[in-house]
Amino acid sequence: MLFPTVEYGIFFLLVFALAWSLRRQPRAHKVLLLLASYAFYGFWDWRFLPLLIGISMLAVAVGRSLQLERNARARKALLAAGIALALATLVAFKYLGFFASTAFNLLELLGRDPSAVRLPEIVLPVGISFFVFHAISLMVDAFRGQIPVSVNVLDGLLYVAFFPQLIAGPILRAHSFLPQIAAPPNPDAIDAAAALELITIGLVKKVLIATVIAARLVDPVFDSFGERSSVEALLAIYGYAAQIYCDFSGYSDIAMGSALLLGYRMPANFDAPYLATSPREFWHRWHISLSSWLRDYLFIPLGGSRRGPRRTAANLGLTMLLGGLWHGAAWTFVLWGGFHAVGLVLHRWWAASSAAFPRLLRASAQWRWISRLLTFHFVCVGWVFFRAPSTDAIWELLKALGRWRGMAPMSAVVLFALAVGLLTQICPPILRARLRCRFSELPLILQGLAFATALLLIEALGPQGVAPFIYFQF
Amino acid sequence: MAPPRAKEARLYTLPDLALLLGTVVVCLFLLESEGLLTWAQRMEVSAAQASAVSVLRTANELLKSLGFTRPREVTMQLGDRLAQRLGAEADPLLAGGWRDSKPLSYSAPEPVRIDEKEGLEPSDEASPSEPTTETEATGAAVLLLGDSMMAGSLSSAIALSLARDPKPRLVRAVQTATGLTRPDVFDWMKVLPPLLEREKPALVICSLGANDATNIREGDRLIEFGHAGWRSAYAGRVKAMMQALTARGARVLWLGLPPMRNASFSERARHLNFIFAQAAKEVAGVEYLDVEMLVAREGEYVTFIRNSEGRFVRVRMEDGVHYAPAGAKLISRWLVDWIYERGSPLGAAR
Chain A
1 MLFPTVEYGI
11 FFLLVFALAW
21 SLRRQPRAHK
31 VLLLLASYAF
41 YGFWDWRFLP
51 LLIGISMLAV
61 AVGRSLQLER
71 NARARKALLA
81 AGIALALATL
91 VAFKYLGFFA
101 STAFNLLELL
111 GRDPSAVRLP
121 EIVLPVGISF
131 FVFHAISLMV
141 DAFRGQIPVS
151 VNVLDGLLYV
161 AFFPQLIAGP
171 ILRAHSFLPQ
181 IAAPPNPDAI
191 DAAAALELIT
201 IGLVKKVLIA
211 TVIAARLVDP
221 VFDSFGERSS
231 VEALLAIYGY
241 AAQIYCDFSG
251 YSDIAMGSAL
261 LLGYRMPANF
271 DAPYLATSPR
281 EFWHRWHISL
291 SSWLRDYLFI
301 PLGGSRRGPR
311 RTAANLGLTM
321 LLGGLWHGAA
331 WTFVLWGGFH
341 AVGLVLHRWW
351 AASSAAFPRL
361 LRASAQWRWI
371 SRLLTFHFVC
381 VGWVFFRAPS
391 TDAIWELLKA
401 LGRWRGMAPM
411 SAVVLFALAV
421 GLLTQICPPI
431 LRARLRCRFS
441 ELPLILQGLA
451 FATALLLIEA
461 LGPQGVAPFI
471 YFQF
Chain B
1 MAPPRAKEAR
11 LYTLPDLALL
21 LGTVVVCLFL
31 LESEGLLTWA
41 QRMEVSAAQA
51 SAVSVLRTAN
61 ELLKSLGFTR
71 PREVTMQLGD
81 RLAQRLGAEA
91 DPLLAGGWRD
101 SKPLSYSAPE
111 PVRIDEKEGL
121 EPSDEASPSE
131 PTTETEATGA
141 AVLLLGDSMM
151 AGSLSSAIAL
161 SLARDPKPRL
171 VRAVQTATGL
181 TRPDVFDWMK
191 VLPPLLEREK
201 PALVICSLGA
211 NDATNIREGD
221 RLIEFGHAGW
231 RSAYAGRVKA
241 MMQALTARGA
251 RVLWLGLPPM
261 RNASFSERAR
271 HLNFIFAQAA
281 KEVAGVEYLD
291 VEMLVAREGE
301 YVTFIRNSEG
311 RFVRVRMEDG
321 VHYAPAGAKL
331 ISRWLVDWIY
341 ERGSPLGAAR
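Quick mapping for you: the protein sequence lines, in order, are chains A and B. The working numbering puts the first residue of the first sequence at 1, with every later residue one more than the last. The working numbering puts the first residue of the second sequence at 1, with every later residue one more than the last.
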C-alpha cells in the first residue's frame with residue numbers, strides 16, 4: 001500500500017476514526033494500531049508477519065529483561081545475544097546470497113572448484129532493515145537505562161511495527177518513542193496544521209517531482225548510459241540527486257504527517273541536505289534518523305573520534321561501509337559507503353589542517369558557497385555509485401560524462417521539475433511556520449476546502465500511477 | 001541575536017479535526033469523482049471491481065451534470081497547456097504524453113556508435129547522404145518492445161551488445177506495468193501501428209506477459225485467469241500482436257518469461273510461455289525464445305548462476321522477477337549471437 005494512493009487514503013481514514021474513537025481505552029487503542037500496522041504490512045507480504053512479530057518479541061523480551069536484570073555480566077551477555085540474533089536474521093534474509101556468492105567466487109579464484117554448489121534462495125522481506133534497527137534500538141536503549149518507562153509487550157510490538165514508519169522509516173528511537181506510546185495521545189492538542197502541511201509537501205515532492213524526473217530523465221538515461229552524452233549524463237545525475245531527495249524526504253513527510261494526525265510525533269529525517277558545506281554536515285542533514293542511529297549504536301561504541309586520527313578514520317570507514325551495505329546487498333552500496341568514508345576522512349584532515357592555504361581559503365568570504373558546491377558535487381558522484389545497476393556500470397556512467405556530443409532535446413518541464421526538486425529544501429522554516437499559522441486561523445470548513453483543493457491539484461497535475469518509493473527496497 | 005520566531009499554529013481538538021477531515025472527504029468525493037472512477041477502472045478485473053466501477057460511474061455522471069467535475073478538467077487542461085508551453089512535445093522522453101507517469105519511453109532512433117576496440121566512444125561518422133543529426137538513422141532499426149522485463153537492464157544490455165557492425169539503430173518502446181490483458185489501461189495495439197509505420201524496424205525484440213496472468217474482460221464478459229476461455233482469448237490477443245509486428249516484414253524475437261521465485265507466478269508464467277510458443281508457430285516471421293536455459297537452473301528459479309567463466313553472478317533482482325544486469329547480459333549475448341549468426345534481417349545488412 002503506497003502512501004499516494006486511494007487505498008492508503010481509505011485505510012488511513014478508517015484507522016484514524018477507529019483509533020480516536022478508542023482513545024478512552026488505551027489498551028484497545030494500541031491493539032487497534034498494532035493490528036492496523038500488521039494489516040498494512042500484510043498488504044505488502046503477509047508471509048513475513050511472523051518474522052516481524054518474532055523480531056519484535058525478541059526485542060521486547062531482551063529489553064524487559066535488561067530493565068529487570070542487575071548483574072552487569074548477565075546484562076552484557078543478554079544484550080550481545082539479542083543483538084546477535086537480530087543481526088543474524090538480517091544477514092540471513094538480506095545478505096546470505098551476496099556473501100555466499102562472493103565466498104564461492106573467491107574459492108574459484110583460489111583454484112578450488114565449488115561445483116555442485118547451490119546458493120540459497122531467500123526472499124527479502126520488505127522493511128526488514130528498518131524493523132531490525134528498531135529492535136536493536138529497543139535493546140540497546142534498555143541496556144543503557146535510557147527508556148524512562150517499563151517495556152511491555154504491546155508497547156514494544158507497536159513501537160517496532162507502527163505503520164507510518166514500518167516500511168521505510170524514519171527510524172524511531174526506543175527511548176523517545178516508547179514514552180509517547182505509553183501515554184495515550186491527547187485529543188485536545190493535535191498538531192493538524194503541521195500534519196496537513198507535511199502531507200501536502202510530501203505528496204508534491206513524490207507525485208509531482210520525483211516521479212516525473214524519474215520517468216522522464218533519470219530512468220531513460222541510466223538505462224542507456226552507453227549511448228548518452230555528457231550533458232545528458234550530467235543532467236541525469238543532478239536529476240537523481242533531486243529525485244532521491246524528493247522521493248525519500250517526501251515519504252518521510254507523509255509518514256510524519258500521518259503519525260501527527262494520530263497524535264504521535266516523529267523526529268525530522270531531512271534538513272536541507274544539499275545546502276551542507278561538508279560531507280560531515282551532509283550526514284547531519286540527510287536521512288538523519290539513520291546517520292544518528294549509526295553514530296550512537298556503532299561509531300561511538302567503536303570509540304568514535306576520541307582515540308586519535310587513525311582510529312577515527314578506521315571507525316568512520318567501518319561505519320560508512322556498513323551503512324552502505326545496510327542499503328543493499330551489493331558492491332555498489334559498499335563502494336558508495338566507502339566513497340563517503342573517504343570524503344569524511346579527507347574533510348576531517350582538511351578542517352584540522354593548520355597550513356596557510358587551507359586556513360586562508362576557509363576564512364574567505366566565498367568559501368561557504370564554494371564548499372557547498374563542492375559538497376553537492378561530491379554527493380552527486382556518490383549517487384552514481386548508489387544508482388548504478390552494477391559495479392561495471394559505475395565506470396560506464398562516469399565515462400558517459402566525458403562523451404562530448406549534443407543532447408536529445410529535453411523539455412523545460414523536466415528541467416523545471418529538477419530545479420524545483422532541488423529548491424524545495426530551501427523554503428525558510430519561518431515562512432512555513434507563518435503559512436501554517438495563517439492556515440490554522442481560517443474557518444475549519446475553509447481549511448478542509450483548501451486541503452482538498454491541494455490534493456485535487458496534485459492528483460490532476462500529477463502523472464497517473466505512482467512508482468514505489470526508492471527506500472522500500474532497503 | 002536569536003533568530004526570529006514565528007507564532008506557532010494552534011493545536012486542534014478532535015472534533016475540530018474530524019470536521020476538517022470530513023470536509024476534505026466530502027469535497028474530494030464531489031470534485032474527484034472522475035479520478036476515483038479511473039482508480040476503480042484500473043483495479044484488477046473482478047466482480048467487485050465491476051460493481052465499484054458501476055457505482056462510481058453513476059456518481060460521476062450525476063456530478064458531471066452538476067458541474068462538480070469541472071475544476072479537475074480545467075486543472076488538467078491548464079497543466080497540459082503549461083507542459084506544452086514548456087516544450088513537452090519536443091522531448092522524446094515525453095513522447096508518451098505528459099499525463100502518463102510510465103510513459104512509453106520511446107527514444108528517438110539513435111545510432112549506436114561503439115567501436116569495440118575503443119570502447120564506448122562517440123563516433124562522428126555519418127553517411128554523407130543522410131542528415132547529420134544525432135537522431136538520424138544509420139542502419140536497420142531494431143525495436144526493443146516490452147514491459148518492465150525489457151526496461152532497465154535488459155534493454156540496456158541488448159543496446160550494448162548490439163553495438164557492433166552493422167550498428168543498428170535502436171528504438172525503445174518500453175512501458176512498465178503493461179501487457180495484453182488490460183487494453184483499457186494501456187493499449188499496445190493502438191500505440192504500435194504509428195510507431196511501426198515511422199520506424200519500420202527490421203527486427204523486433206519483444207518481452208511482454210509478466211503482467212498478464214490476470215482476469216480478462218471482453219465486452220461485458222469477465223473471463224477469469226485459468227478458467228475456460230481465458231487461453232483462447234489471450235492467445236487471440238498474442239497472435240494479433242504478433243501479426244501487427246510482422247505486418248511490414250519485420251522479424252520478431254518473442255522472449256518467453258523466466259521462472260519466477262514465487263511458485264504460483266512461475267506456474268502462470270509457464271502457462272503463458274506455452275501460449276507464446278504456440279502463437280509463434282502460427283505466425284510467420286516470429287520466433288519464440290525460451291530464456292529458461294539462460295537464467296534458470298533445470299527449469300527452476302535461481303538468483304545466482306555460474307556464468308561461462310564459472311563465477312557466480314546474480315541474474316535476478318531482489319524482487320524475484322526482473323533480470324539483474326548480469327542476467328540481462330547473458331540473455332543479450334545469446335540474442336546477439338542469434339541475430340548475427342542465424343541469418344537475421346540485420347545479418348543481411350553486413
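In case anyone wonders, no lab produced these hints; they're calculated from the structure. The C-beta atom is built at its ideal place from N, Cα and C for all residues, glycine as well. Check before you lean on any hint, since a few could be wrong.
Claimed, not checked - Each pair of labels, with its calculated beta carbon distance range: (1) R270(B) to A61(A): 42 to 48 Å; (2) G9(A) to R198(B): 36 to 42 Å; (3) E8(B) to P179(A): 21 to 27 Å; (4) D271(A) to M43(B): 36 to 42 Å; (5) L82(B) to L435(A): 48 to 54 Å; (6) R198(B) to S21(A): 57 to 63 Å; (7) P120(A) to M43(B): 44 to 50 Å; (8) T13(B) to A103(A): 57 to 63 Å; (9) I10(A) to L11(B): 22 to 28 Å.
Taking the hints in turn, this is what the structure says about them:
no.	hint	verdict
1	R270(B) to A61(A): 42 to 48 Å	holds, 44 Å
2	G9(A) to R198(B): 36 to 42 Å	holds, 41 Å
3	E8(B) to P179(A): 21 to 27 Å	holds, 22 Å
4	D271(A) to M43(B): 36 to 42 Å	holds, 39 Å
5	L82(B) to L435(A): 48 to 54 Å	violated, 24 Å
6	R198(B) to S21(A): 57 to 63 Å	holds, 59 Å
7	P120(A) to M43(B): 44 to 50 Å	violated, 36 Å
8	T13(B) to A103(A): 57 to 63 Å	holds, 60 Å
9	I10(A) to L11(B): 22 to 28 Å	holds, 26 Å
Hints 5, 7 from the earlier list are contradicted by this structure; the remaining hints agree with it.
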